[in-house]
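**Student:** Sequence:
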Amino acid sequence: MLKGSVGKLVAHSLRGIPNPPPITLLFHRRDLLKKWRREGEQIKLTTHKITESRNGYDVEVAAAQRRTHGTEVPLQELYGEETYPGLRPHEIAALNSTTAPTSQDVSEPSLNPEEEDDTSDETIHNVVVTVKAASTVSALSAIRHRLTRGSTILFLQNGMGILEEVNREVFPDIETRPNYMLGIISHGVNSTSSFSVVHAGFGTIALGLVPRYAARQLTNPAEPMTESWAPTSRYLLRTLTRTPVLAAVGFAPTELLQAQLEKLAVNAIVNPLTVMLDARNGSILYNFALSRVMRLLLSEISLVIRSLPELRGLPNVNTRFAPDRLETLVVGVAHRTRDNISSMLADVRKGKQTDIEYITGYVVKRGEEMGIKCVMNYMMLQMVIGKQNLINREEQEDVPVVGTGKSVVRSK
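For the sequence shown, the working numbering gives the first residue as 62, with consecutive numbering after it.
Derived by calculation from the structure, the hints in this document are not laboratory data. All figures in this text were calculated on a predicted structure; none of them were measured in a lab. Note that beta-carbon positions come from the ideal geometry of N, C-alpha and C, so glycine has one too. Incorrect hints may have been included.
Taking CB as the label site, the calculated pair distances span [said to hold, decoys possible]:
(1) Arg207 with Lys413: 26 to 32 Å
(2) Asp400 with Leu357: 38 to 44 Å
(3) Asn251 with Phe349: 27 to 33 Å
(4) Arg454 with Glu113: 38 to 44 Å
(5) Gly447 with Arg229: 40 to 46 Å
Produce the entire structure from the sequences given, and follow the hints as far as they go.
**Tutor:** So, in structure tokens, the structure goes:
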């Protein structure tokens with residue numbers, strides 16, 4: 062299981078069912094293993110101010126490969142100042158100290174690979190991917206040698222277009238690539254620390270199998286796929302659907318695709334607008350000027366979705382994805398989550414990379430393929446990326462000042 066706020070929710074929930082399956086947490090950094098042991102080797106979930114801790118997890122380190130311009134960068138080159146100038150000197154020193162420690166506190170457990178085997182080459186039968194969309198390729202590259210045709214990967218992420226990128230960069234051979242499942246999660250989850258999470262809002266998880274040969278032509282596009290499920294996929298679906306907290310339900314591929322597109326349309330409005338406003342989700346409500354912006358964006362999104370060849374021949378597509386109905390969905394989600402901060406805004410505030418290229422960027426890309434110019438969405442895409450770069454630049458210009466006290470002062 063690849064970690065993240067959603068990953069912690071899934072792992073914690075699975076440990077609470079009768080006869081839980083064995084669960085392994087995959088860490089992308091070795092220092093997380095030290096934090097895991099320091100925090101008692103448990104995941105804490107807080108619901109309605111009640112915190113419940115669960116343990117019994119296996120852990121492994123699967124260091125994600127960093128990519129620059131589509132090329133994997135070896136770790137020894139990544140942490141060099143000359144070959145990777147994007148990092149500040151104190152960050153390079155910190156990373157070098159975690160990869161090659163010169164000293165160690167005797168109170169902390171050893172992380173020497175000779176003393177502890179925290180990596181593995183054992184075959185992985187099921188893996189749940191919950192990292193950010195932009196990190197998916199590098200995360201799966203670290204474990205692709207452990208995945209076979211019989212393995213199953215469940216993608217529990219925001220955005221679309223991720224599978225195409227994974228197929229292109231990680232599993233180009235259709236005959237040997239693992240089985241894919243997609244999940245659409247509506248739970249509200251916020252991380253408070255590396256292994257603590259708050260279940261802010263209850264929701265559901267829609268699950269579905271991605272056919273291996275999705276390009277084959279059907280006589281009737283609305284008929285269900287008859288492709289048999291792999292044993293690992295069946296096991297994963299049964300396990301998740303018997304977990305009460307997750308409220309997971311299986312869907313047919315065509316219905317899951319439409320549910321994905323609905324969530325994409327909502328995220329393409331709520332997330333970018335809250336980033337530009339630097340406000341909570343409810344800020345886009347009851348504001349005529351913002352409603353006009355919302356409708357301009359939705360008119361392009363609706364046209365792109367209704368023109369997709371994947372939906373051709375399916376009933377009620379024009380009604381389901383009409384601009385008015387999409388606006389109703391957006392307003393409903395914004396109202397229910399009016400006190401929440403969107404995940405994209407939280408990432409921008411921290412100077413982290415967002416999923417905007419897999420949300421608004423997906424709409425723009427598919428529109429270009431069909432000759433539809435999404436100028437409003439393209440502008441929103443560039444503005445979010447621009448703000449993200451602006452925050453990043455401010456972070457880069459920060460100069461840490463280390464004092465003798467406990468507090469650290471940062472100046473520019």
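**Student:** Now tell me if each hint is right for this structure.
**Tutor:** Each hint tested on the structure:
| no. | hint | verdict |
| --- | --- | --- |
| 1 | Arg207 with Lys413: 26 to 32 Å | holds, 27 Å |
| 2 | Asp400 with Leu357: 38 to 44 Å | violated, 26 Å |
| 3 | Asn251 with Phe349: 27 to 33 Å | holds, 31 Å |
| 4 | Arg454 with Glu113: 38 to 44 Å | holds, 41 Å |
| 5 | Gly447 with Arg229: 40 to 46 Å | violated, 27 Å |
Figure legend: structure checked against the earlier numbered hints; hints not met, in rising order: 2, 5.
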